[in-house]
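Protein chains: 2
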Amino acid sequence: MTGLLESLKEVLIVLVEPEDPLNIGSIARAMKNLGYRKLVLVNPAIGWRKKAEITARKAADILDDAVECDSLTEAVEGSTLVVGTTAKTGGPRAVVRKVVDADLFFSGFKWSPAGIAIVFGRESIGLKVDELAMCDVLIRISTDIQYPTMNLAVAAAIVMYELRRSLKYKTKTAKPPHPKLRRELINCIEELTKRAGYPEFKRKSAALLLRRVILGCAPHMLTHEECERIVGLLRKATRRIGGSYASQAR
Amino acid sequence: MTGLLESLKEVLIVLVEPEDPLNIGSIARAMKNLGYRKLVLVNPAIGWRKKAEITARKAADILDDAVECDSLTEAVEGSTLVVGTTAKTGGPRAVVRKVVDADLFFSGFKWSPAGIAIVFGRESIGLKVDELAMCDVLIRISTDIQYPTMNLAVAAAIVMYELRRSLKYKTKTAKPPHPKLRRELINCIEELTKRAGYPEFKRKSAALLLRRVILGCAPHMLTHEECERIVGLLRKATRRIGGSYASQAR
Numbered sequence: 109m110t111g112l113l114e115s116l117k118e119v120l121i122v123l124v125e126p127e128d129p130l131n132i133g134s135i136a137r138a139m140k141n142l143g144y145r146k147l148v149l150v151n152p153a154i155g156w157r158k159k160a161e162i163t164a165r166k167a168a169d170i171l172d173d174a175v176e177c178d179s180l181t182e183a184v185e186g187s188t189l190v191v192g193t194t195a196k197t198g199g200p201r202a203v204v205r206k207v208v209d210a211d212l213f214f215s216g217f218k219w220s221p222a223g224i225a226i227v228f229g230r231e232s233i234g235l236k237v238d239e240l241a242m243c244d245v246l247i248r249i250s251t252d253i254q255y256p257t258m259n260l261a262v263a264a265a266i267v268m269y270e271l272r273r274s275l276k277y278k279t280k281t282a283k284p285p286h287p288k289l290r291r292e293l294i295n296c297i298e299e300l301t302k303r304a305g306y307p308e309f310k311r312k313s314a315a316l317l318l319r320r321v322i323l324g325c326a327p328h329m330l331t332h333e334e335c336e337r338i339v340g341l342l343r344k345a346t347r348r349i350g351g352s353y354a355s356q357a358r
Numbered sequence: 109m110t111g112l113l114e115s116l117k118e119v120l121i122v123l124v125e126p127e128d129p130l131n132i133g134s135i136a137r138a139m140k141n142l143g144y145r146k147l148v149l150v151n152p153a154i155g156w157r158k159k160a161e162i163t164a165r166k167a168a169d170i171l172d173d174a175v176e177c178d179s180l181t182e183a184v185e186g187s188t189l190v191v192g193t194t195a196k197t198g199g200p201r202a203v204v205r206k207v208v209d210a211d212l213f214f215s216g217f218k219w220s221p222a223g224i225a226i227v228f229g230r231e232s233i234g235l236k237v238d239e240l241a242m243c244d245v246l247i248r249i250s251t252d253i254q255y256p257t258m259n260l261a262v263a264a265a266i267v268m269y270e271l272r273r274s275l276k277y278k279t280k281t282a283k284p285p286h287p288k289l290r291r292e293l294i295n296c297i298e299e300l301t302k303r304a305g306y307p308e309f310k311r312k313s314a315a316l317l318l319r320r321v322i323l324g325c326a327p328h329m330l331t332h333e334e335c336e337r338i339v340g341l342l343r344k345a346t347r348r349i350g351g352s353y354a355s356q357a358r
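Residue numbers (the working numbering), protein chains in the order written: chain A, 109 to 358; chain B, 109 to 358.
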């Protein structure tokens with residue numbers, strides 16, 4: 109168990125354009141409370157640090173080590189899995205907003221958490237559609253329908269707590285696909301949907317759906333080797349379709 | 109499930125002498141997010157309301173309905189179970205600080221949560237020893253040893269989340285001992301320890317221990333009827349010991 113809890117130190121906690129620096133500080137404190145270390149800030153407000161220190165208390169070291177990025181793409185580069193968070197759940201046909209409860213997801217999560225990124229959106233509007241589409245899986249906290257929107261720092265603490273709790277009874281974890289292989293899988297899927305001749309508007313959502321099913325399919329988490337086999341299959345199928353994909357567009 | 113989640117509305121969230129009204133507001137918001145309604149404040153700072161509204165956002169109704177009390181005894185009067193929270197765990201021989209992890213406790217919790225009180229202490233020092241001794245069970249959030257003290261509002265949100273989560277897969281709950289029977293059990297135990305001739309300093313901790321074992325013994329939660337039988341037994345044993353208990357003091 110200790111070893112697994114240690115792996116929380118290698119999880120990225122990514123805040124996209126946080127509006128209130130007090131929340132950055134609160135999250136830093138909760139990170140240190142719960143054994144996390146790596147904070148990544150995408151475009152935080154200039155001068156966030158001073159206010160964040162008020163709520164960070166004894167977690168100023170987390171703020172010291174925080175990495176600032178210009179985009180979410182840059183922030184999650186090299187992650188084994190990108191886990192987005194949202195308060196809004198889509199309907200049964202939603203793709204971009206296909207959401208799973210945090211406790212269900214993490215209890216089925218079989219990889220070491222080292223290397224994953226958990227992404228939290230703005231206090232006001234959360235993650236934008238193009239940011240949601242960058243996530244391999246979307247999770248939510250089960251809330252009351254009357255008032256589902258939690259404070260950012262509280263939501264982040266609950267999600268971090270939930271991942272930590274899920275490790276308590278696990279003794280070993282599987283090897284996740286290497287970040288490069290994850291990238292390759294995503295490329296393969298996109299190539300396949302192009303070659304299959306889907307029109308642009310359908311293509312993106314079909315590709316995202318397939319990617320979410322393959323990468324975020326707890327409790328049947330793919331190992332690195334299994335992912336390699338699926339990439340192999342997709343590549344072969346894509347090659348079979350052959351050259352010009354535009355011709356088959358419906 | 110819906111019925112059980114509804115019962116969260118009847119859980120008391122008790123804050124003992126909260127020092128920062130912003131935390132009162134944050135907790136009110138998290139309560140509304142997670143389906144709780146009843147906030148009880150023991151000696152809050154005068155004029156807490158105005159600041160609390162800032163963080164409560166759309167949960168001002170929780171603040172409107174908050175009950176103010178002068179003491180913890182008054183606050184938990186009539187509860188079926190008093191659940192205290194603490195960041196400090198005692199050693200293996202601790203009685204007052206005998207603590208169980210929140211997730212373990214709630215996953216074994218078999219009663220309807222309606223009527224229980226969850227008690228949170230001050231930001232600076234938590235609950236005092238005499239307040240801890242009023243609790244039938246003490247729970248904690250598993251944290252990193254480097255920095256175990258969480259922000260009050262974050263800790264409260266995690267505990268409320270944990271109780272809510274634990275209800276997700278339960279279909280029915282047992283009937284807890286009536287608050288009057290709980291009071292009777294506590295009296296019986298105290299009477300027994302007196303009659304058994306324990307010296308004062310031993311008596312209190314022995315009584316608390318027995319009370320915690322009997323009332324807080326998830327996953328073997330006593331039903332009302334079982335509690336009646338234990339009270340009957342203790343009463344009979346106490347009667348057998350007979351009149352003057354001071355004579356047997358060691």
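Among the clues, some could well be false.
The list makes no distinction among identical chains, and a pair is therefore deemed to hold if it is satisfied within one copy or across any two copies.
Claimed, not checked - Taking lysine-lysine pairs in the BS3-like style, the calculated list, with each CA pair at most 25 Å apart, reads:
#1 K218 / K276
#2 K276 / K158
#3 K276 / K312
#4 K236 / K166
Honestly, the hints are just simulated from the structure, not real lab data.
Here is how each hint holds up against the structure:
With identical chains, the CA atoms of K218 and K276 are at most 25 Å apart both within one copy (13 Å) and between copies (22 Å). Taking the shortest alpha-carbon separations for K276 and K158, neither the intra-copy value of 35 Å nor the inter-copy value of 41 Å comes in at or below 25 Å. For the homomeric pair K276 and K312, neither the shortest alpha-carbon distance inside one copy (37 Å) nor that between copies (34 Å) is at most 25 Å. In this assembly of identical chains, the alpha carbons of K236 and K166 lie at most 25 Å apart only when taken from different copies (23 Å versus 32 Å within one copy).
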